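Q: Fit chain V to the known structure of chain C by using the hints.
Taken in order, these protein sequences are the chains called C and V.
Position 54 of the first sequence, counted from 1, bears residue number 54 in the numbering used here, the numbering being contiguous throughout.
Position 284 of the second sequence, counted from 1, bears residue number 513 in the numbering used here, the numbering being contiguous throughout.
Simulated from the structure, these hints should not be mistaken for laboratory data.
Just so you know, not all the hints are guaranteed correct.
As the list claims (entries may be wrong) - So the derived list for chain C, only partly shown, Cβ under 10 Å to chain V, looks like this:
1. H39
2. S40
3. G77
These numbers were taken from a predicted model, which means no experiment stands behind them.
Just so you know, even glycine gets a beta-carbon here, dropped at the ideal spot from N, CA and C.
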Amino acid sequence: MQKFDLEAQGLRALNAALHALNGQTNETAWEVVNPKGSHSIAVGLDAPIELTVHGSTGYYCAGMNKQATIRVKGSAGPGLAENMMSGAVIVDGNASQYAGATGRGGLLVIKGDASSRCGVSMKGINIVVHGNIGHMSAFMAQSGNLVVLGDAGDALGDSLYEARLFVRGSVKSLGADCVEKEMRPEHLELLADLLKQGEAEHLAKPEEFKRYGSARNLYNFNIDNASAY
Amino acid sequence: MCGIVGLFLKDKSLEPQLGAMLTEMLITMTDRGPDSAGIAIYGGADDGAGKITVQSPQPEKDFADLDRELKDAIGKPVGMVIRSTHAVLEVPVDQVEAARSALAELRPGLKVMSVGDSLEIYKEVGLPKDVASRFELAKMRGTHGIGHTRMATESAVTTNGAHPFSTGSDQCLVHNGSLSNHSSLRRMLAHEGIYTETMNDTEVGAAYLTWRMKNGATLGEALEGTLEDLDGFFTFVVGTHDGFGVVRDPIACKPAVMAETDQYVAFGSEYRALVSLPGIDTARVWEPEPATVYFWNH
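The following block holds chain V by itself, in its conformation from the complex:
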C-alpha cells in the first residue's frame, strides 16, 4: 500500500512548523505503511554550506570524531549535527564531492542518504511515530518536504529500503506502487553510469529521473518520461532544491489527493493526511489526473 505525503510552503511564516506539519501527516499514514518511514526536508539553502546526510547502524562508533577527521582530510571547516542513527555534515558547498570521497575512506560503513545544499533525509525501520520521534522531525524547519510510510513489496524491510530515495544532488523521491521493469531499467542505467545501491524498485525510479536530468531534461520532462519508460503502478512525489512535483501513472490505481491554498501545496495518499493543515476546509482539494505532471517552484 504505502503512504506518501508532501508539503510545499508558499508562506514563509509557516517554515518553522514544516517538520511538525509533515510529522502529523506522516503519522496519520501509519496504517498504509507500518514497516518503515522517512522524511526529506529542504531548508537553509543558499547559505554557502553543502549538506551530506549519512546513516550508520553503529552511530556511537562511526560518528565519534568524524567532524574532526573530515576537517583534517579536506582542510576546511566541517559542522556535524547527530540525530540518532543519522548525522548531517556541513561543509563548504564546493567541498561536497571532496568530503564524500574522504568519507568513503574514513568510514566505509556509512551510508550516504542525501547530498545537496538544502536537502536532509532521515529514514529508519519502524512505526512512523517512532521514526519521527527518534529524529525529532517535528522540530525541523524548512521550505518544503516529502515523507513516506512503507508497506514493503519489492525489497526487504531495511533502512536502505525505506523512502525517500535520493540519487542526485538535492533530488529525492517517494513512491506509492510497484514498478515491474525495474531490473531491466537498473541494467540500462548501470550501462549509462548511474548506479543504484539497493534492489528496491523505487530507487530505480529516482535514478531514472537523475539520469534524464543529467542528460539535459528539466524535472518536468523527466517526469513526463516516466510515463513512457516505467512499467507498473506509481504515484511519485519528488522534491528538488526549490521545487515539488507529482506524477501518477496512466492507470492511476494508487490514491492521491492534493490541496492548495495561498499558504501551501500539500499532497497526501488520503485526504485524512491533510485534515490538520491550516485552512484545509476552504482549500482547493483535487485528485491529480493520471499521466499528468504537476509541479511547483519557489
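Bound conformation, chain C alone:
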C-alpha cells in the first residue's frame, strides 16, 4: 500500500509518482489523504491501479483516466473524470458541474447527486448516478449510457446524438431533439448490467426506468428546425 499525504507532499509529487507507473506496475494500491478540496488529483493516470482519495476533491479529479480505478471517499468538485478513456471512478458523495464530460470509455459512478451538465458531450463513457442530476445534463452526448436513479433537471439531453439516457425519477424538461423512447428487452438487459457495475443493483430495478434518446430531427439541416439548431 502506497500512502500519500497530499498536504505534506504536494500535488506535483503525487501526479509525478502516479505517472511514473507508466502502464504496468506491482504497486497497485494507493491512498491519498488530506485532499482538502485540492484540484487535479490523480489526473492522467495510465496504469491498472486502485487509488482511494480520503476526503473531498476540487476541480478535475481523475481527469483523462486510463485503466485505473479511483475512489473518492467524499465529494468531487467541477470537472470530475473529464475525458476518461477507460477504468473506473467511484465517488461516495456528490459531484459538481460537468462530471464525466467528453468521456470516451470507462465507468463513472456517483453515489450522491451530480450537478449541472453531467455527461456533457459524452462519447462512450458509462455514467451511473445514484441521486439526481442537474440542468443541461447529457448536452450533445454522442455515445455511451447515462443512468440516473433519481431525478433530472431542465433540458435533459439537449441536441443529443446516440447516447442512451435512463432516468428512474422525474425529468424537469427535455432538451431540443430529446424524446422518451420505448424500453425494449435489450435495454433492460443493458441497464441491469450497468446497475450492477454501478454498485446500484440493490437500489433499483431496470423496469423502473424510462429511456430517452435522440429523435434525430436535427441530424440533417431542415429549415423548419432552424430555431432548434
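A: Relative to the frame of chain C, chain V by itself:
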C-alpha cells in the same frame, strides 16, 4: 474567474473569530483572483453608532484631524479608527447623512466605501494575504461577512473596482461572473436617481438591488428580480444589516458551494475555501441551484 466567500454565524461564541475564519477562506481563493481583495464585515449593530468607512490614497494627509473637524462640523461626538488606507468614522446613527455631507466638504478626495450601523468594508489592490494583513482582518469580530478575490474583467484594477460594493445603507454585494447589460442598466438606474461611481459591472448589480429595495421590494424579491433583469453570468453573495443571501443565474456556470451546520452558514466558490471551518466534515454541503434565491436572517 474571481473567488467569493461568505460566512453567516448562528453561534454567537464564534463571533470573535469571524475575521480570522473569513481571512483564511479569502486567502485560499487567491488563485481565483490575485488582482485585488476585499471584505465586508458586520458587527456591533444596534449600539446607537452609525459607521462610515472611508478610503484615501493619501491616508496620512486625509485622516489627520478628520475626527476633530467632523465633530466641529456636525456638533456631535465622532470616533475614528484608522486601518491603513481606510478609516471607520463613528457618529450617532441619526447623524450619518449630515456627517456624509460634511465629509464631502472637508475631504473631497475621500471615497466612501460603506455606510450603515453595522457594516464596514475594506478593500485594496494586491494579493488577498497582503490586503488581509494591512487591515488586520483576522482580528475583526462580527456576526457575518462576505469577501472577494478579484480577477478583473469588466473594469480596471483599482481600489474602487474591487469588491464588495455597497450602494445602500448596510447593503453589500460580491460577484463572480460578468454582466453584459450593465451599461444600459446603469443608464436606467441613473434615470431613477441611483448613481454608480465606477464603470464596474458589479456595482450596477449592487445598485440594482438598492433600487428595487428602495421601491419596496424585500431583499428576496430584489434578488428574484436579478434573474429577470440582469444579463450575463453571476453568482451573487449579498449582506444586509442582519441577513445573508445567495443567488446564481439560470445557466449557473460560475461555481458555488454552501455548507450549513448548527453554528454557521458558509459560502465558497470552491469547497477548499471551506475546509478549515469547524465541523465541516459533518456539515450539510450542497451546490445552490440555478435561479434560486437562498437567504438567512438573524
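Q: Given C:G77 was flagged as interface, is its beta-carbon under 10 Å from a beta-carbon of chain V?
A: 6 Å, holds
Q: For the hint on C:S40, just tell me whether its beta-carbon gets within less than 10 Å of chain V.
A: Result: violated, 12 Å to nearest chain V Cβ.
Q: Hint C:H39 vs chain V: min CB-CB distance below 10 Å?
A: With Cβ-Cβ at 8 Å, under 10 Å, it holds.
In the structure shown, a violation is registered for the earlier hint numbered 2 alone.
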